[in-house]
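Numbering of the sequence shown is given in numbering that gives the first Met the number 0, commencing with residue 0 and proceeding in unit increments.
For the record, the hints were derived by calculation from the structure and aren't laboratory data.
Glycine residues also receive a C-beta, built at the ideal position from the N, C-alpha and C atoms.
Hints should not be assumed to be uniformly reliable.
Claimed, not checked - Computed list of lysine to aspartate or glutamate pairs in EDC-like fashion (alpha-carbon distance at most 20 angstroms, straight line):
#, residue 1, residue 2
1, Lys30, Asp160
2, Lys30, Glu74
3, Lys27, Glu70
4, Lys27, Asp160
5, Lys282, Asp160
Said to hold, decoys possible - Here are the computed distance ranges between Cβ atoms for each label pair:
#, residue 1, residue 2, range
6, Arg167, Glu254, 16 to 24 angstroms
7, Pro253, Asn147, 20 to 28 angstroms
8, Arg274, Trp168, 35 to 43 angstroms
9, Leu45, Asn147, 16 to 24 angstroms
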Amino acid sequence: MANAEREERPERPTESDGTAHLFRALGKQIKVLRERAGLSQRELGLATHCGEDLVSAVERGVRTPQPDFLERVDEVLGGGGVLAAAANEVREALARSRTRHPDWFRDYARAEAEAVALHDYSNQAVPGLLQTEEYARALFTQRRPLLNEETIERRVADRLDRQQIFERWPSPTMTYVLEEVVLQRPIGGSASHERQLRQLLHVGRMRTVTLQVMPTQREEHPSLDAAFIMLTPKGRQQVAYTEAYGHARLITDPEEVRVFSERYGIIRSQALTPRESLTLIEKMLGER
């Protein structure tokens, strides 16, 4: 979902307790070891079962390197235990840190962070959790009124940081339904568009994620008014979240949530199957 125009930037975990320098230093060490090993960021991502964007963001210090990521990278790059030795310190830093969000987003962010299930219907843009860094930056750069460069970079970093939900284990159940037009809109240009489609393929092939596309040619549709997200926080009832023009709403009323759940079920039934959806993306990339 898009962020509000008058958003105060959430303070990231790496900033809230002064551990940003630790994570930036680890990122630099990973880059040195990777280049010494003669691997590209994409090759390291494939070897460690993560995306190229994640490797890039960690090396630049805008994503927190998770302990298991450090251990995998250490083994792949022959770090001799240098990176793995920092894993415990990172675990402690993450346990101490708390992400602080502006009031309008705080309840949703808390629910998302502890969710055991997340279901997202998007009809305008690729969901934030699935965006590449380049796609997210293009969205924030094009937004009106214009944002200054510092604000853009901070918001991109915050968005990427939330994507650590894909590294959790056990992972929450995650399903996404995207309108076909979302895949067709070349945000950021053709190169950015291609990389975003490849990112969707990468995420859509994860065991913990189900990705579906709603074809534009469908003659019936149960929810054309707005995008929405449904969350099930651990130990709590399912909630729904909507956001339009900077006005966010976290819905907890059981009857209202039931309506969103019913809509989402119909949307999924009318969308392409997960396999058909990935095949469509592959065709858009010219791979099939």
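Here is how each hint holds up against the structure:
1. For the hint linking Lys30 to Asp160, the alpha-carbon distance of about 19 angstroms falls within 20 angstroms, and the restraint holds.
2. As the CA atoms of Lys30 and Glu74 are separated by approximately 14 angstroms, the hinted pair is consistent with the 20 angstroms bound.
3. Of the supplied pair hints, the one linking Lys27 and Glu70 holds, its CA atoms being roughly 16 angstroms apart against a limit of 20 angstroms.
4. At most 20 angstroms may separate the alpha-carbon atoms for a hinted pair to count; Lys27 and Asp160 meet this at roughly 18 angstroms.
5. Taking the CA atoms of Lys282 and Asp160, the gap is about 30 angstroms. The hint is violated against a cut of 20 angstroms.
6. The beta-carbon spacing between Arg167 and Glu254, approximately 31 angstroms, falls outside the hinted interval of 16 to 24 angstroms.
7. At about 42 angstroms, the CB distance of Pro253 to Asn147 disagrees with the hint of 20 to 28 angstroms.
8. The hinted range of 35 to 43 angstroms is not satisfied by Arg274 and Trp168, whose Cβ atoms lie roughly 25 angstroms apart.
9. Taken as a hint, the range 16 to 24 angstroms is violated for the pair Leu45 and Asn147, whose Cβ atoms sit roughly 36 angstroms apart.
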